[in-house]
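Enquirer: So you can see what is in the structure, the chains are spelled out below.
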Amino acid sequence: MPGAGRRACRPPRAGWGSSMARFIVVRFAQSLLAILAVVFAVSVIIRLIPGDPVDIMMSGNPGMTKADREKFREELGLTRPVLVQFGVYLYDGLHGDFGESFRFRQPTLQLLGERLPATVELTLFSMLVAALISVPFGILTALKRDSALDFLGSVIALLGVSIPSFLLGILLVLLFSVTLHWLPTGGRGEPLSTAVADLVVKRSARPLLDSLEHLLLPSIALGAAVAAWNTRLIRSAMLEVLRQDYIRFARAKGLSARVVVLKHAFRNALIPTITIWGLQIGYLLGGAFVIENVFAWPGIGRLAVQSVFNRDYPLIQTIALFTSVIFVLASFLVDVLYHWVDPRIRYG
Amino acid sequence: MRATNGRAAAVDEVVLDVRDLRVQFPTRRGLLTAVDGVSFQVRRGETLGLVGESGCGKTVTGLSILRLVEQPGRISGGQILFHGEDLLAKSEREMRRLRGDAISMIFQDPTVTLNPVLRISEQMTEVLRYHRGMRRSEARERCVELLRLVGIPNPEERLDHYPHEFSGGMQQRVIIAIALALEPALLLADEPTTALDVTVQAQIIDLLKRLKRERAGSMVLITHDLGVVAQLCDRVAVMYAGSIVEVAPLREILEQPLHPYTRGLLDCVPRLDTGGRRLRAIPGVVPDLVAPPRGCRFQPRCEAALEHCQARRPRLVEVAPEHFVACYLYPQVLAAEERSDGVPQAVHP
Amino acid sequence: MAESPVAPASTRGLPEFAGYSVEAEPRFAGVRRLLGDLWASKKGTVGALIVLLLLFTAAFAPVLAPVDPTKQSPRDKWVPPALTTRGSWAHPFGTDNLGRDVLSRVIYGARVSVSAGFLVILVAATFGSLMGALAGYFGGLADTLIMRLVDFQLSFPFVLLAIIFMAIFGPGFYNIVIALAIALWVNYARLVRGETLKLRELEFVQAARAIGVPRLAIIRRHILPNVLPGILVLATLDVAFVIIYEASLSFLGLGIQPPTPSWGILINEGYRYLAEAWWMTVFPAAAIILTSLGINLLGDWLRDTIDPTLMRTN
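If you're matching them up, the sequences are chains W, S and Y in order. Everything in the first sequence is counted per our numbering, starting at 203 for the first residue and increasing by one. Everything in the second sequence is counted per our numbering, starting at 1227 for the first residue and increasing by one. Everything in the third sequence is counted per our numbering, starting at 18 for the first residue and increasing by one.
If you are wondering where the hints come from, they were derived from the structure by calculation, not from laboratory data. Be a bit skeptical, because a hint or two may be false.
To be verified - Where chain W lies over chain S, by a calculated footprint (3+ residues, C-beta under 8 Å): (1) 1315-1326; (2) 1491-1497.
Unchecked claim - Here are the simulated lysine to any residue pairs, SDA-like style, with alpha carbons at most 20 Å apart: (3) Y:K60 with W:W431; (4) S:K1316 with W:S458; (5) Y:K88 with Y:Q274; (6) Y:K215 with Y:A234.
Yeah, the Cβ is synthetic: ideal placement off N, Cα and C, and Gly gets one too.
Pulled out of the complex, with its shape left as it was, chain W reads as follows:
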């Protein structure tokens, strides 16, 4: 008498799903390949740039003869074929040596180490700010569809995508720093991680305040467009989900509105939202490059621009490498998260 459908006789599933483990491995390998491809492309392209790094570096130094420059070039390994240079770079990289900046005469890893965390901090915090705004507003505007709040939400969303982030940053600086003097015009405060540690361990809130004070304007500027976009995104995902029969059934069970919306509806709306978040990290990372210039934020944005103008090959390569690593890693994590959140894929 019990149903004998095919799926009722399915074999017991393997824990978290061996399909999941397989997926992770495959995806990871793909990510590695992608990173390699990017770095290769960058190193090739960068060498297409007209203008020789040595010439540029030595442009203020008339004492150098042509022979000297040749010798310098050889020292820097510029005379070898591109593939070889790339290979050497990779090999050394595996040993932790990512080359030395032509311009700054310091290991690129060190330069990056000084500045990359600042960029990462800005990017992640902007993502957080965007999420903190978009999730509640997205849900609310879906629930109160066509209300005044919804209209306001769509107006703000429209503004959010129409104002370029650097402009928003400038206007925010104009208002809050230059006119009101509430917040600093730029620079970075305490690193967020140490500030939080200070709060927990030493019970001191000052570093955290300093940190946030400096983070606030740049992350709002950077995250506003994303917040606006995501609010609409979550709204339409929620609207789509709320139409479904399983929501009707949840209501028919007599569950409270809060449970229905948060536990039943939002969990489903999260699925398409997460994929978009992954794509946005790339956007935010790129946007950080520009915002850093507005707020004099000590990240790799400025470094990147400078290194291109200086034809600083090792530095650019390393920047490209680590930027892509971050980006690919983020997409990878998001992909894994997406698979984890949707059980149909996990145990499909």
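Chains S and Y: place on chain W using the hints.
Expert: Only chains S and Y this time, still in chain W's reference frame:
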């Protein structure tokens, strides 16, 4: 104990009393009246079939009982008495307490009725925890019992699975288990077998038959499938274009249908024992519920229509013991109208 | 006695875009209807008006600008805009640090933005659509190659790409156009590929194949007209994107070089003097914001009208 005389059943026997229910939806073309003056009763322990073709308003009627009709639809008139209390007068909070507990509803397509991202254990235990305040462990045990009751093998293990790991028939069983978890006095079943394969349909019908025997509760079975009705229902109410046209015990509906529409429906069912006969259909199409015809709604398609049928809408009148019909072909209907002209009469089919 | 059946669902739509005509209609009836819809929609009308204003300003810049935008006048350094104290209507938007009239510079900046927008979209949409159509229609190796390229490019933060590109080829207007076109073609490719895949399987295309219509002709006559609405929506929204990104790149110093006034450059120059002369920054900023607002409104309306299910969350 069911009333067998012609009068309405004694008050304490009636679980659900729908009176003159009216539900409307504003559309671009105008106000659509999906349910127009529907009245019926459900008695304790009985299964009432609400039958009609797609679009006749039967699902909306079911949803109205639990006040689950979604915006912009509105219940614009009538009363729904559950154990004597008008559900339409209750607050949303009071309704929430009733839903899933005293009155449950199950829907048509089981594959979309269960939340795909939550485990079955979560979706089942939440009714118990929410309405009865049970602890998780206690609720879990009860759910295992319930799954066993509806015929799910290996319930302890399967409780932790996700909906997509069950077949359609299994899912419907789970849904039935959820709906019956708190032993509701009334179960509303909206086309519970329509989305399933024929063999699985038979299994679910068997399950429902067994549960009916074992339970004390009542059920309203909403369907267009007369075959299902024949197997499960005690009484049948036939709906057409937003109103009820005939109500009678199962036997009488099948053997002595009075309303031309009911007759037409039964005629449409293909039969094996009268081989070679042409399949019949009811000519015409359903009326536009934004601007329905004056008079009887079925009249444009009715072979036996009289002139009076275009003038006024017939009301449901008891023309035989326990057999109500809304059709001027029966003189009692016209007589009742003339008697009470202007004064709306309460009908208790 | 039978009642007439319920009227069939409206057959509104845009026959030109459906590939088939449902009924013979007077020419441009679809366009007229579209314009009617536009007028009826508040957001569409506002957007269209702003866009028209932009186009008008760009086209008639020499006539509209009161003064030569590059004319320097050290005497008139940092004159505030009209309506403030010490301001005058001789310079409604004030002057910059070199005494140049901000209003004229903003007006001429419209030219740069509009031409950049058009060119970029033209190149990106054409190239992207072609690639997408080829990938979708021929499938196999072409599809794999093209899509790998698309994926690869998408895995690269645009700004980094643009920076490197501008460094190779130097700053300048046409180089920005190419850099942005490179960034944008992928979206058209994906869109067109998706549509092509769907349409390829439809019967009327298979029928055309069966009677021997050459494949390119099929692409041109059957697939492209169906893809056009989607492309149009994407293009409209992309123009705003181009304007914003051109401004960003110019702000970084990687874009259009002075003395050509682009809005991004104006902001770059103004930012240094934010405290002393806020109007140097605020007016070009307002121009950018207003323009992209208008374009987004129009694009939104367009998307709602042509196909509400199209890329709702993209």
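Enquirer: Between S:K1316 and W:S458, is the straight-line Cα distance small enough, at 20 Å or below?
Expert: 16 Å, holds
Enquirer: Need the status of pair Y:K60, W:W431: alpha-carbon distance at most 20 Å?
Expert: Judged against 20 Å, a Cα distance of about 18 Å means the pair holds.
Enquirer: Taking a Cβ-to-Cβ distance below 8 Å as contact, does the region 1315-1326 of chain S have at least three residues touching chain W?
Expert: Answer holds; 6 residues pass the 8 Å Cβ test.
Enquirer: Against the 20 Å threshold, does the CA-CA distance of Y:K88 and Y:Q274 hold or violate the hint?
Expert: Holds, at about 16 Å.
Enquirer: Do three or more residues of the region 1491-1497 of chain S come closer than 8 Å to chain W, measuring C-beta to C-beta?
Expert: Violated, because only 0 residues of the region 1491-1497 of chain S bring their Cβ atoms closer than 8 Å to Cβ atoms of chain W.
Enquirer: Taken at face value, is the distance from the CA of Y:A234 to the CA of Y:K215 at most 20 Å?
Expert: Measuring from Cα to Cα gives roughly 17 Å; hence the hint holds.
Consistency note: the structure conflicts with earlier hint 2 alone.
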